[in-house]
Amino acid sequence: MSVILSEAEAKALLQKVLSYSKADECEVNLLGEERGNIRYARNEVSTSGSLINQNLAVQSAFGKKVGVATIDEFDDAAIERVVRRSEELARLAPENPEYVGLLGPQQYLKSTGFFDSTAKINPATRADAVAKSLELTRNTRAGQALSAAGFMEDQRGYNAMMNSKGLFAYYPSTNVNFSLTVRTEDGTGSGYITRGYSDFSKLDTAAATRIAIQKCLGSVGAKALEPGKYTVILEPTAAAVLLENMFFNMAARNADEGRSFLSKPGGKTKLGEKIVDERVTIYSDPTHPDLPASPWSGDGQPQEKVNWIEKGVVKNMAYSRYWAQKQGVKAVPFPNNAIMAGGTASLEDMIKSTQRGILVTKLWYIRSVDPQTLLLTGLTRDGTFYIENGKIKHPVKNFRFNESPIIMLNNLEALGKPERVVSTESDNNYLIPPMKIREFTFTSLSDAV
Amino acid sequence: MSAGALMLPNIPSLGRAVDPAALLEPGLDVAVKKRLADAALNAAKAKGASYTDVRIGRYLQQFVITRENKVQNIVNTESYGVGVRVIADGCWGFAAVVDAKNEAQTAKAAEEAVAIARANAKLMKEPVKLAPQKGFGEVSWKAPIQKNAFEVPIQEKVDLLLGVNDAAMKNGANFVNSVLFMVNEQKYFASSDGSYIDQDIHRIWPTFTVTAIDSKSGKFETRQSLSAPMGMSYEYLQTNPADKVTGITTRYNKGYDMVEDVTAATRQVKEKLTAKSVEAGKYDLVLDPSHLWLTIHESVGHPLELDRVLGYEANFAGTSFATLDKWKTKSFPYGSKQVNLFADKTQPGSLGAVGWDDEGVKTKRWDLVKDGTLVNYQAIRDQVHIINENESQGCCYADSWSRVQFQRMANVSLAPGKQPLSVNDLIKDVKKGIYIIGDGSFSIDQQRYNFQFGGQLFYEIKDGQIAGMLRDVAYQSNTQEFWNSCTQICDEKDYRLGGSFFDGKGQPQQVSAVSHGSSTSRFNGVNVINTARKI
Numbered sequence: 002m003s004v005i006l007s008e009a010e011a012k013a014l015l016q017k018v019l020s021y022s023k024a025d026e027c028e029v030n031l032l033g034e035e036r037g038n039i040r041y042a043r044n045e046v047s048t049s050g051s052l053i054n055q056n057l058a059v060q061s062a063f064g065k066k067v068g069v070a071t072i073d074e075f076d077d078a079a080i081e082r083v084v085r086r087s088e089e090l091a092r093l094a095p096e097n098p099e100y101v102g103l104l105g106p107q108q109y110l111k112s113t114g115f116f117d118s119t120a121k122i123n124p125a126t127r128a129d130a131v132a133k134s135l136e137l138t139r140n141t142r143a144g145q146a147l148s149a150a151g152f153m154e155d156q157r158g159y160n161a162m163m164n165s166k167g168l169f170a171y172y173p174s175t176n177v178n179f180s181l182t183v184r185t186e187d188g189t190g191s192g193y194i195t196r197g198y199s200d201f202s203k204l205d206t207a208a209a210t211r212i213a214i215q216k217c218l219g220s221v222g223a224k225a226l227e228p229g230k231y232t233v234i235l236e237p238t239a240a241a242v243l244l245e246n247m248f249f250n251m252a253a254r255n256a257d258e259g260r261s262f263l264s265k266p267g268g269k270t271k272l273g274e275k276i277v278d279e280r281v282t283i284y285s286d287p288t289h290p291d292l293p294a295s296p297w298s299g300d301g302q303p304q305e306k307v308n309w310i311e312k313g314v315v316k317n318m319a320y321s322r323y324w325a326q327k328q329g330v331k332a333v334p335f336p337n338n339a340i341m342a343g344g345t346a347s348l349e350d351m352i353k354s355t356q357r358g359i360l361v362t363k364l365w366y367i368r369s370v371d372p373q374t375l376l377l378t379g380l381t382r383d384g385t386f387y388i389e390n391g392k393i394k395h396p397v398k399n400f401r402f403n404e405s406p407i408i409m410l411n412n413l414e415a416l417g418k419p420e421r422v423v424s425t426e427s428d429n430n431y432l433i434p435p436m437k438i439r440e441f442t443f444t445s446l447s448d449a450v
Numbered sequence: 002m003s004a005g006a007l008m009l010p011n012i013p014s015l016g017r018a019v020d021p022a023a024l025l026e027p028g029l030d031v032a033v034k035k036r037l038a039d040a041a042l043n044a045a046k047a048k049g050a051s052y053t054d055v056r057i058g059r060y061l062q063q064f065v066i067t068r069e070n071k072v073q074n075i076v077n078t079e080s081y082g083v084g085v086r087v088i089a090d091g092c093w094g095f096a097a098v099v100d101a102k103n104e105a106q107t108a109k110a111a112e113e114a115v116a117i118a119r120a121n122a123k124l125m126k127e128p129v130k131l132a133p134q135k136g137f138g139e140v141s142w143k144a145p146i147q148k149n150a151f152e153v154p155i156q157e158k159v160d161l162l163l164g165v166n167d168a169a170m171k172n173g174a175n176f177v178n179s180v181l182f183m184v185n186e187q188k189y190f191a192s193s194d195g196s197y198i199d200q201d202i203h204r205i206w207p208t209f210t211v212t213a214i215d216s217k218s219g220k221f222e223t224r225q226s227l228s229a230p231m232g233m234s235y236e237y238l239q240t241n242p243a244d245k246v247t248g249i250t251t252r253y254n255k256g257y258d259m260v261e262d263v264t265a266a267t268r269q270v271k272e273k274l275t276a277k278s279v280e281a282g283k284y285d286l287v288l289d290p291s292h293l294w295l296t297i298h299e300s301v302g303h304p305l306e307l308d309r310v311l312g313y314e315a316n317f318a319g320t321s322f323a324t325l326d327k328w329k330t331k332s333f334p335y336g337s338k339q340v341n342l343f344a345d346k347t348q349p350g351s352l353g354a355v356g357w358d359d360e361g362v363k364t365k366r367w368d369l370v371k372d373g374t375l376v377n378y379q380a381i382r383d384q385v386h387i388i389n390e391n392e393s394q395g396c397c398y399a400d401s402w403s404r405v406q407f408q409r410m411a412n413v414s415l416a417p418g419k420q421p422l423s424v425n426d427l428i429k430d431v432k433k434g435i436y437i438i439g440d441g442s443f444s445i446d447q448q449r450y451n452f453q454f455g456g457q458l459f460y461e462i463k464d465g466q467i468a469g470m471l472r473d474v475a476y477q478s479n480t481q482e483f484w485n486s487c488t489q490i491c492d493e494k495d496y497r498l499g500g501s502f503f504d505g506k507g508q509p510q511q512v513s514a515v516s517h518g519s520s521t522s523r524f525n526g527v528n529v530i531n532t533a534r535k536i
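For the record, the sequence lines run as chains A and B. According to the numbering used here, the first sequence is numbered sequentially starting from 2. According to the numbering used here, the second sequence is numbered sequentially starting from 2.
Since the hints were made in silico from the structure, they are not lab data. Do not take every clue at face value.
To be verified - To be clear about the criterion: a stretch of chain A counts as covered by chain B if any three or more of its residues have a C-beta under 8 Å from a C-beta of chain B, and this derived list gives those stretches:
1) 175-185
2) 262-276
3) 316-330
C-beta atoms are modelled at their ideal positions from N, C-alpha and C, and glycine is treated no differently.
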């Protein structure tokens with residue numbers, strides 16, 4: 002049997018697991034997935050691999066004593082063993098005062114995230130996708146010898162869960178991420194592209210490679226600009242790695258505890274307050290056709306469309322079931338995707354409307370400097386260009402920045418059309434628009450190409 | 002890519018969750034492992050492989066995770082399987098099998114690896130050149146631990162952490178999180194060179210974060226533990242006075258007093274709330290080993306990995322400014338004359354210490370930067386010919402039996418100063434400086450030129466005296482400028498290890514644990530920025 006079970010197969014297996022349970026409450030999470038990857042460097046395939054993974058996690062509870070055990074074999078004896086083991090661990094565990102019990106049956110939105118085109122990827126498809134990229138980078142007609150290093154990883158799988166209160170959930174999904182760095186052989190130019198899709202038929206590795214080559218050749222001969230405050234146009238790939246630090250920090254508990262950028266003096270939070278420009282709206286929606294996601298969270302809560310920031314105002318924070326109960330509010334699970342609304346302008350339109358500014362392809366090595374202000378540091382990389390009078394004038398040397406996404410979204414000039422992007426830090430996929438920001442803080446220069 | 006510190010309740014684990022008692026069960030007998038390995042070696046040879054290695058790995062992990070008076074999670078994981086790597090038709094191939102218990106399974110994995118090598122060989126331009134390696138026969142290596150952490154009852158570990166949390170809360174912390182990580186790698190390596198190597202490796206990392214909040218102003222600060230992850234076991238938590246370095250705050254060598262450190266941390270985190278905000282400008286920096294390890298890791302360890310220099314990591318971690326042409330001059334000034342940086346896979350108690358690496362090479366110590374000059378890189382068997390060596394340096398590693406081994410950073414350390422010099426003597430000559438203890442925020446570019454580091458504790462130095470605590474401090478520099486600004490290094494009495502459990506590299510990413518030793522050192526005229534902002 003394939004490790005990717007159908008909904009009926011998953012349901013039957015989960016019912017069997019629960020039939021062995023003797024605990025007060027039992028919840029079972031199940032997953033199966035197949036992953037494949039191919040990596041290349043110096044214009045040659047360097048490694049390739051695949052991984053088959055299946056896992057069953059059983060959580061048993063006696064009162065507030067909870068134990069979890071997992072297993073990757075699904076025969077009857079193994080299943081009974083894992084249920085017994087979770088019960089033994091629960092009996093040994095200290096009481097968890099934050100255990101709030103199980104949810105009953107839930108209704109979920111419909112979201113289509115599984116695509117046959119991706120599920121059918123095999124080693125030959127992967128090699129072919131990479132060959133289309135290598136064909137372009139091995140060709141030296143550009144006048145410069147180029148060297149490509151890239152990576153493609155695809156995944157197909159499902160998650161399912163069932164509990165002793167009658168909750169059942171199932172979600173199959175696929176994903177493919179592709180990234181490529183093209184460098185000139187002499188190391189004076191470097192360009193980058195990344196693409197992520199649920200549907201492999203949307204991935205055009207040749208088109209992506211052409212963009213990386215263009216960025217690489219365009220970045221040769223970079224001039225140094227003084228560090229300081231500049232108007233920048235962040236491509237969605239660059240913006241994503243800053244914004245995701247906001248998304249990761251939307252927990253109500255930290256805000257209520259006074260240790261979040263959403264905290265205020267006196268134990269209050271910024272819920273309901275305007276914290277960024279009114280053109281900023283950030284939401285999650287598992288049914289979005291361009292970024293489908295599971296319509297349920299890991300503990301079985303339904304994922305609905307949630308506005309986190311609406312017209313600049315904090316509309317929602319994430320409440321775990323425990324924290325929601327304690328605060329007397331509705332639980333809001335951490336979302337399974339994140340989308341920032343934008344406008345209709347293309348990146349080209351945004352460049353045309355810029356008097357003086359810097360176009361940023363990618364930001365790299367993002368680290369938190371101050372969690373109070375969400376101040377982040379990192380560097381530009383693989384394609385940084387000076388814009389003058391609506392045109393790209395010349396490449397510039399890379400900068401280190403120190404900036405907060407909150408300050409940045411207060412200095413918003415314009416938003417373009419959202420695109421699906423892959424975070425170069427977390428590999429998460431988002432829908433993010435390109436954005437023009439004034440007074441973005443560059444603090445030093447880097448010699449890195 | 003980086004040495005990340007992880008303080009989350011949900012730990013990405015490498016294996017399946019098991020009963021804690023299972024962690025004490027012995028793995029397979031060495032004779033059984035040899036049979037499984039021989040089956041793979043013979044099968045690969047029969048299919049035409051010119052080289053084969055087999056890694057049989059059992060990886061055990063335990064995490065105890067608490068906050069204030071609660072145990073948030075206790076995780077026990079085990080992962081067992083076999084990975085087979087071959088060269089066939091001049092090309093690498095790899096295949097792995099989970100839970101392999103019989104010879105047929107390992108032989109099949111070997112055959113698959115040969116098939117993959119032959120398929121990939123069609124895309125290859127140049128065959129693999131593997132540095133020769135003599136076989137060692139049947140040998141073994143065990144980390145010199147004194148008290149196996151897996152034998153310590155869970156309750157004792159829970160009591161330790163809840164005691165740490167209690168000390169923080171009693172002393173006025175608003176919040177405290179504490180974690181105990183323990184790892185045991187039981188690794189068996191066999192190769193067609195004639196080696197059968199059985200190794201037992203232990204690691205431990207006790208750590209905490211204390212948070213203080215000033216509810217009036219809404220400000221909050223944290224202070225993390227000054228412990229180091231170590232290649233030790235539970236003996237690291239049994240302190241004796243000889244392992245303590247006293248001064249403005251106590252730091253630790255081979256034994257860590259977690260309750261004492263959290264008590265100091267709670268006092269200091271409250272002091273941080275009202276500390277003076279730093280005035281940006283040039284300062285002489287005095288860097289404690291609990292801080293300097295991370296700067297060494299990012300600005301020396303990574304740029305001197307030969308695979309990065311060659312471009313194999315260009316799409317993710319990046320390349321390196323320390324190019325082969327600079328090395329070939331034999332005069333590239335990486336640092337000042339005082340600076341001696343060495344790679345080492347043998348230092349007892351370090352995270353990188355093993356007897357043999359993951360391709361059967363006996364481990365050793367070698368120089369990277371000698372009297373300030375770049376002299377060498379870190380390289381493994383299939384790349385060492387590029388730097389004109391015919392023997393690998395023994396720094397090949399895979400984080401699991403299921404992953405292909407590749408070049409990973411050895412312990413890279415700064416040699417202590419040769420002249421007697423204490424921390425107090427070093428500080429007394431500093432006119433305008435900042436003394437930094439503990440690691441904080443860190444970021445460096447993809448060729449390892451420009452970096453920025455924070456820390457845990459910052460003290461202003463005025464005319465040779467410590468003048469009080471500072472906040473909002475980060476320093477920015479360029480690797481070569483920074484190491485050339487090193488003017489003084491304390492002697493070996495101050496030499497201590499820091500390190501990371503989670504150095505990431507490769508696609509898909511693998512983690513590796515690595516230590517970095519140093520003594521307190523002085524760097525002149527480094528650019529310090531003020532990181533305070535308003536939102």
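Enumerated hints in conflict with the structure, sorted upward | Hint check: 3 fails alone, others pass.
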